[in-house]
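Chains as they are written, first to last, in the working numbering: chain A, 1 to 256; chain B, 257 to 567.
Derived from the structure by calculation, the hints contain no laboratory data. Since the model is a prediction, treat every value here as computed from it, not as a measurement.
Straight-line C-alpha distance at most 25 angstroms; calculated SDA-like pairs for lysine to any residue:
{"hint": "1", "chain 1": "B", "residue 1": "374", "chain 2": "B", "residue 2": "465"}
{"hint": "2", "chain 1": "B", "residue 1": "470", "chain 2": "A", "residue 2": "168"}
{"hint": "3", "chain 1": "A", "residue 1": "3", "chain 2": "B", "residue 2": "264"}
{"hint": "4", "chain 1": "A", "residue 1": "96", "chain 2": "B", "residue 2": "282"}
{"hint": "5", "chain 1": "B", "residue 1": "327", "chain 2": "A", "residue 2": "243"}
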Amino acid sequence: MSKWEETKRQITESQVWQSIFRHGYDDTPGNRVQMVSGNVWLHLHPSKVRRHAIRMRFTWCMGGITFLMFLVTVVTGIYLMFYYRPTAEYAYADMKYLEFDMPFGMFMRNMHRWAAHAMVIAVWLHMFRVFLTGSYKPPREFNWIVGVLLLVLTLLLSFTGYLLPWDQLSIWAVTVGSNMARATPLLGYEGPFADWTGANPIYDARAFLFGGGEIGPHTLLRFYILHCIFIPLVASLFMAVHFWRIRRDGFSGPPV
Amino acid sequence: MAMSREMFWALITSVGLVVTVLFVPGGRVLVLPELFILVMIGLYALAAPGAEITDPDSARPVVDTGPGDDKVHTWPHLVRSEFLCAIFITLLLIVWSLLVDAPLEDPANPTRTPNPSKAPWYFLGLQEMLVFFDPWHAGVVLPSFIVVGLMAIPYIDINPAGNGYYAFESRKIEILTFFLGFHILWISLIIIGTFLRGPGWNWFWPWEVWDSHKVEALTNVNLHYKFGVRTETGAMIFGAIVVLGYFVLGTIAMYMGIVKMKGQEFMQRWGMPRFILTSFLFLNMMSVVIKMVMRHAGNIMYVWQTPWINF
Ligand code: HEM
Numbered sequence: 001m002s003k004w005e006e007t008k009r010q011i012t013e014s015q016v017w018q019s020i021f022r023h024g025y026d027d028t029p030g031n032r033v034q035m036v037s038g039n040v041w042l043h044l045h046p047s048k049v050r051r052h053a054i055r056m057r058f059t060w061c062m063g064g065i066t067f068l069m070f071l072v073t074v075v076t077g078i079y080l081m082f083y084y085r086p087t088a089e090y091a092y093a094d095m096k097y098l099e100f101d102m103p104f105g106m107f108m109r110n111m112h113r114w115a116a117h118a119m120v121i122a123v124w125l126h127m128f129r130v131f132l133t134g135s136y137k138p139p140r141e142f143n144w145i146v147g148v149l150l151l152v153l154t155l156l157l158s159f160t161g162y163l164l165p166w167d168q169l170s171i172w173a174v175t176v177g178s179n180m181a182r183a184t185p186l187l188g189y190e191g192p193f194a195d196w197t198g199a200n201p202i203y204d205a206r207a208f209l210f211g212g213g214e215i216g217p218h219t220l221l222r223f224y225i226l227h228c229i230f231i232p233l234v235a236s237l238f239m240a241v242h243f244w245r246i247r248r249d250g251f252s253g254p255p256v
Numbered sequence: 257m258a259m260s261r262e263m264f265w266a267l268i269t270s271v272g273l274v275v276t277v278l279f280v281p282g283g284r285v286l287v288l289p290e291l292f293i294l295v296m297i298g299l300y301a302l303a304a305p306g307a308e309i310t311d312p313d314s315a316r317p318v319v320d321t322g323p324g325d326d327k328v329h330t331w332p333h334l335v336r337s338e339f340l341c342a343i344f345i346t347l348l349l350i351v352w353s354l355l356v357d358a359p360l361e362d363p364a365n366p367t368r369t370p371n372p373s374k375a376p377w378y379f380l381g382l383q384e385m386l387v388f389f390d391p392w393h394a395g396v397v398l399p400s401f402i403v404v405g406l407m408a409i410p411y412i413d414i415n416p417a418g419n420g421y422y423a424f425e426s427r428k429i430e431i432l433t434f435f436l437g438f439h440i441l442w443i444s445l446i447i448i449g450t451f452l453r454g455p456g457w458n459w460f461w462p463w464e465v466w467d468s469h470k471v472e473a474l475t476n477v478n479l480h481y482k483f484g485v486r487t488e489t490g491a492m493i494f495g496a497i498v499v500l501g502y503f504v505l506g507t508i509a510m511y512m513g514i515v516k517m518k519g520q521e522f523m524q525r526w527g528m529p530r531f532i533l534t535s536f537l538f539l540n541m542m543s544v545v546i547k548m549v550m551r552h553a554g555n556i557m558y559v560w561q562t563p564w565i566n567f
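All chains, full assembly: derive it from the sequences and hints.
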């Protein structure tokens, strides 16, 4: 036995190694099942799947890509959070700092932004695929609803993040997007029947969103907290439900 | 542990990248991207080394299942394609991020409104709807209907065909409706809003210069005016008749159409609540199309004008 083989054996048979990795890569049916069921991440899957389910043509990989894009934005977003201060004085300067002085600042910002856009596109395509394969039909009706909530949350995540660079593009896009809120019937001051409910510019649906009558520093802080804490948290909870349901209901497919 | 073909390529790629990073001038910008890729490849190497190179058809079936069962083991078959897909997409994203910078314009200035001011691209379909409807309708009511309508799909579609497989033939109407809502309305309005709308939300072809002084004559009139109704009360009554008439007649027409196509028996099975919900949502979707046509072809502003609320 060569020195290399000997060392390898010593390592893989040591107590430390065996306490971490419970089993090797033996290609036996039992071990194949172990690979999935014994791993906390992989066991999101069942240990056996039907043949059609692993084809690209069936899933388009789009649910998985949506999730991957979410993970990418989490990783890059944490990096950005180290250097970004959500106040009107600093936010824009910090963007410049990221771009010109921070090692890989621009790269991380680009990854974060493009992944966010890709996530929006992927989630639409995912929904379209689920529609085309009729995978919302019983017993998966409720998971479709969870999916629609995830779709809305994805858009909100993207929208709240749009404001944070605090440049002309971001405040005006968010202003235009949020102006809808002031037209809400009953609850918005420009909406129908506002005089009945007493909605006014500093006390209506849009002011609630903005944290005041106009877009301003208070809005920045509000959107920052929604973007970095609240919506990711809620979206993660719904994703947990989404994945759990897929496991419980089984993956859709043609009748056997 | 036998080295699979994929591990071999992963190794070659990473060595290549490390060499670029270390020895190519300016290659240092690749350190972090390289790290991302190595992490992915490392995860992959841990998760699925030595995975057989197979396609689903020739994958070895699970031994302990009976005849007629087409199951295969998740590891390595599914895990392997997931990781390869993830590596590929991450690579694309990395290359894209190295080549294209995220935009950053002048610092925010609440007193200087750019013209045009556009919402983020995924909301531009709704902003485009503002051309045709008042903000409370385009910005609040229609989006709510879209979300509620999407959620209602599994409950109003009782066609058992195509549960878990592509079935275009037996789901024609469903697929066409989805296509109309998603591709025609949502996506094409986004494309119009992104590429064809300029200053003043005026229409500019891609080869036209954005002229911020372009003024389009506002010749829009309300529908009641076209029909010779001139008083406020008359307009309210006229509009009410048109709008209610549209929904009542539309519902009746849909009812008869469905009975004709699918038979009375189907209608019984489908039930009134499902039918009413479906026809209400469908007629609302069609009203968007109708209003767009009326505006573009006949310069119609409102169909129903009241002192409080306009359609
Ligand atoms: C953040 C957003 C979302 C994530 C991360 C996500 C993730 C996933 C993943 C990984 C799968 C496994 C199969 C696949 O990749 O296609 C899946 C399945 C499914 N998704 Fe989503 N999804 C999201 C949004 C949605 C939306 C918007 C809908 C529908 C409106 C939806 C409905 C479903 C349904 C019904 C299934 C089961 C499909 C089947 O059994 O064939 N999901 N999702």
